[in-house]
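From just these sequences and the hints, can you work out the full model?
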Amino acid sequence: MLPIPAEELNGSGTLGPYWTFYRAVAAEQLSRWLPESPSTVLDLSGGRGRWSAQAARAGHRVLEVVDFRRTVEGQPLLHDASKVRQVRADDLRFLPDCSVDAVLAEERAMSVELMAESAIGDVARVLRPGGRALVCVDSLVLGMAILAEQNYWAHLRQTGEVMLVPWPDGSITRCFSSGQLRDLLTEAGLEVEWIRPRTVLSPSTVDHVLASDSRALTWLVNTELEAHTDDDDTVGIHLVASARRR
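The opening position of the sequence shown corresponds to residue 1 in UniProt numbering, with each subsequent residue numbered one higher.
Take the hints with a grain of salt, since some may be wrong.
Here are the in silico distance ranges between beta carbons for each label pair [stated by the list, open to error]:
| no. | residue 1 | residue 2 | range |
| --- | --- | --- | --- |
| 1 | Arg50 | Val200 | 20 to 28 Å |
| 2 | Gly121 | Gly179 | 15 to 23 Å |
| 3 | Met115 | Ala148 | 22 to 30 Å |
| 4 | Gly121 | Thr205 | 36 to 44 Å |
| 5 | Glu191 | Ser214 | 34 to 42 Å |
| 6 | Gly189 | Thr234 | 25 to 33 Å |
| 7 | Asp207 | Asp232 | 20 to 28 Å |
| 8 | Glu149 | Val200 | 16 to 24 Å |
| 9 | Asp207 | Arg93 | 39 to 47 Å |
| 10 | Ser82 | Asp207 | 38 to 46 Å |
| 11 | Glu36 | Asp97 | 18 to 26 Å |
| 12 | Leu114 | Glu149 | 16 to 24 Å |
| 13 | Glu149 | Ser99 | 38 to 46 Å |
To be clear, the hints were calculated from the coordinates, so they are not data collected in a lab. Note that this is a predicted model, so its numbers are computed, not measured. Just so you know, even glycine gets a beta-carbon here, dropped at the ideal spot from N, CA and C.
In structure tokens form, the structure reads like this:
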């Protein structure tokens, strides 16, 4: 059975408290991760604007790539704000080497991009030495749960290989173990700082705590981010990694 029902994974189902918590964790994680001084940030998270807006509010100049190898439903028109510039591109050939300080690849960007090795290679190329990347992918736990739900039992024995998972809507996602994600980043020339599940607290736990005290959200978020879960890929639907260009 899925750790979270399939219809809930895009946040459109009934687990409102959990997704409120999830988004708060992701926002606080990004806030702690962003460079301290004003920097140039490349956002490959699919053109939804949330990540770019947060980075811009923190004082950074943001280049948001829209349609980075995928189409986002309800995607807004291109626009240039004071600190956020949008560009439509299928790859990063338009950027010179060593041209950005940080790269955001949220919204499972490297799972939707099946040729993740090529995409991460581009990320490493455009990062300046010492620059960092924040990457979110679908976990192997999620992939195995979706396969089991669809009765693809034979595929569950192939966990040592690349796991491409068909979704009920016809799309395909690439799921990673922490070891596979580490290999992806290091083979591109990036030094992994940490890999962890996005969340380890269960939806039932979050729902119970928030139902008891709606003011507990901050406490829940801090509890999640202070948990020592590096390289633990046995829980959580998504993995998040931070890596630095040597």
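Legend entry - Enumerated hints in conflict with the structure, sorted upward: none
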